[in-house]
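The chain contents come next:
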Amino acid sequence: MNLLEMARTVYASLTRHLVRSLLATLGIVLGIAAVVAMLAIGEGGRREALHQIESQGVDNIILRSVKPAEGNVTQTTRSYTQRYGITQRDVEHIAAVFENVRLLVPVMEVRREIFLGQASTDIKAIATTPDFLEVTRCRLVDRRSRFLAPTDGKILDPICVVGVKAARRLFGHRDPIGQTIAIGNASFRVVGLMESPGGGRIGGQLELNNIVCMPLETATSLWGGITVRMGRGMAERVDYDYLYLAAKNVNAIPSTAGRLRTYLRETHAQVDYEVQVPYELLQSAQRTQRIFTVVMTSIAAISLLVGGIGIMNIMLANIFERTREIGVRRALGARKRDILWQFLAESVLLTSIGGGLGAGLGIATAAAAEWISRMGGETGLKAVVTSESLIVALAVSVITGITFGTHPAWKAAQLDPLTALRHE
Amino acid sequence: MSGARLHTPAPQAPLIELRGLSKTYEAGGTQIFALRPTDLIVKHGAFLTVMGPSGSGKSTLLNLFGLLMRPTSGTYLLEGRAVSGLNDDATSAVRCKMIGMVFQSFNLLSHLTILENVCVPMQYAGVPRATMRQRAKALLDRFGLEGRYGSRPTQLSGGQCQRVAIARALANDPPVILADEPTGNLDEKTGLEVLSIFQELHRSGKTIIMVTHNPAYRTYATQAVTIHDGRASEA
Chain P
3 MNLLEMARTV YASLTRHLVR SLLATLGIVL GIAAVVAMLA IGEGGRREAL HQIESQGVDN
63 IILRSVKPAE GNVTQTTRSY TQRYGITQRD VEHIAAVFEN VRLLVPVMEV RREIFLGQAS
123 TDIKAIATTP DFLEVTRCRL VDRRSRFLAP TDGKILDPIC VVGVKAARRL FGHRDPIGQT
183 IAIGNASFRV VGLMESPGGG RIGGQLELNN IVCMPLETAT SLWGGITVRM GRGMAERVDY
243 DYLYLAAKNV NAIPSTAGRL RTYLRETHAQ VDYEVQVPYE LLQSAQRTQR IFTVVMTSIA
303 AISLLVGGIG IMNIMLANIF ERTREIGVRR ALGARKRDIL WQFLAESVLL TSIGGGLGAG
363 LGIATAAAAE WISRMGGETG LKAVVTSESL IVALAVSVIT GITFGTHPAW KAAQLDPLTA
423 LRHE
Chain L
434 MSGARLHTPA PQAPLIELRG LSKTYEAGGT QIFALRPTDL IVKHGAFLTV MGPSGSGKST
494 LLNLFGLLMR PTSGTYLLEG RAVSGLNDDA TSAVRCKMIG MVFQSFNLLS HLTILENVCV
554 PMQYAGVPRA TMRQRAKALL DRFGLEGRYG SRPTQLSGGQ CQRVAIARAL ANDPPVILAD
614 EPTGNLDEKT GLEVLSIFQE LHRSGKTIIM VTHNPAYRTY ATQAVTIHDG RASEA
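Residue numbers (our numbering), protein chains in the order written: chain P, 3 to 426; chain L, 434 to 668.
Since the hints were derived computationally from the structure, they do not count as laboratory data. As the structure is a computational prediction, the values presented were derived from the model and not from experiment. Be a bit skeptical, because a hint or two may be false.
Result set (DSS-like, lysine-lysine): computed pairs, CA atoms no more than 27 Å apart in a straight line [said to hold, decoys possible]: (1) L:570 <-> P:413; (2) L:530 <-> L:476; (3) P:338 <-> P:384; (4) P:384 <-> P:167; (5) L:622 <-> L:570; (6) P:338 <-> L:476.
With the sequences and hints as input, model every part of the structure.
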């Protein structure tokens, strides 16, 4: 019997008990749906995490100044100035000693208000070096845009580069290039428009698209290089708020991060810093992903086991009910293997139909989960159905059909023709 | 259409030869003969009736002929070839190509159309689809079922069902047709119609072996076997 004939035979037998056949596949449908939906949500989560990590730059180590808890303040001088965070000395030391660091980009929050007309805004101004654009994975938007240049700090005409979101808020639909912004008591000419495609943040804090960047030299010459903020009658002094260390290659990151932590522990009396290593986050995200995969596989395996037993059950019932048919077929010349293939094909067809329905249900479930989680908020779950996951789903349903169909089909093939023929 | 024979028959060999063929079963620790050792020769083109009371061993003999049962002892030669000791696959092939079976209760597959039913033996013989359907239609036409190809067995009368079953038995053009009380489920008139089909097959050269209760059918036979208590005797 060729494949086509077998398919026709199988189709005819299955359509005879359409409802019963479909009910029998329910376990497979749900199992496969769970697999597809979880794969989609897992994949979405993975991509989201990867994207967030990568938008910070996998080859970066980011050092952030953190104000230590009040109780730990040690008054070293008689002044009321509290010093903390990354110092000029730290930057110089790292630049001199850390040979695996390709770029070193300090970032200072200017802490001066940016005015829009008469009103102040919450747009933050930062002062940094020309390599900032590269380490933050930002790109320039307008063709006329340029970023900070090494010579910018030395000219009298202060310039700045504006993030796209800040530009929209400051200038609306007007062309930002060439406009002037008031920052504190100085005015800056906009020479560039930049964008972080991933909507990244500096050290997880300042939104890159909502800042204004100026050269470090400009800020120091205007405001003395020390950013002072008044709080409870005390002044604070922070040399740099952030320091980007771009490693020469990703493999050098763990050792560099280790050395950096050791150096900071030894030179800083208090923990007034935070070391962020996106590469480590990436690794931990991958570990989480592996755990997720194991859990998901177990759930899928259990549903498919239950579904497969359902299939085996219905096939055994089918075979019992159709014992006489088997006898007739054997009397008409069917070999054992013809019977075996017929019933095996039936169970594989059943599980494949279940797999197809399950894949559809899984896609719908994933989409629904995404939609529900996004209701009310702009962000939420993301579901990504990959073609690989669909291939896996189909393969798994076929394998389930073979696994759980073999025993019933074997039983059917082993029936004695005469006994089967006399079966009522 | 001669169908693919399994081997070249020996020229002088009878179609069927039984040599001391017997079947026993065990009941309460003793061997009971369902069929006592039997010698029988059935020539090409014979019409053999097998008669006897219920439980006498008629069906056993027919099932042995149809290779649905293995004999306890003896030899069954079909066209000169011993077929009683063949393995399952070879036995299936013999059933498929050399023997056509017609049952009392028709045994049509109810979820298939009558055309598909006639096709079943040809599927197992590996006949190409187009040839298969063409031949099945020709057979159905021959037995007055033209235009009913798409009907299900449940939509047909008993006589029509048995005609479909006969068409199915002829699908691979086997030399032997085994019929187990083919008119047993039919009224007298329809029974005679079906019997006339067997006569026609006989005339066209088929060898017919028919188990029957009806002594009247004896008159159509060229050879008759009567069985009492597993003892077969030619009359």
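Each hint tested on the structure:
Proximity of residue 570 of chain L to residue 413 of chain P is assessed by CA-CA distance (about 34 Å); at most 27 Å being required, the pair is judged violated. Proposed proximity of residue 530 of chain L and residue 476 of chain L is supported: the alpha carbons are some 18 Å apart, at most 27 Å. For the hint pairing residue 338 of chain P with residue 384 of chain P, the CA-to-CA distance comes to about 51 Å; that exceeds 27 Å, so the pair is violated. Proximity of residue 384 of chain P to residue 167 of chain P is assessed by CA-CA distance (about 24 Å); at most 27 Å being required, the pair is judged to hold.
Distance hint between residue 622 of chain L and residue 570 of chain L is fulfilled; the C-alpha atoms sit about 26 Å from each other, no more than 27 Å. Of the supplied pair hints, the one linking residue 338 of chain P and residue 476 of chain L is violated, its CA atoms being roughly 31 Å apart against a limit of 27 Å.
Violated hints, listed in ascending order, are 1, 3, 6; each of the other numbered hints is respected by the structure.
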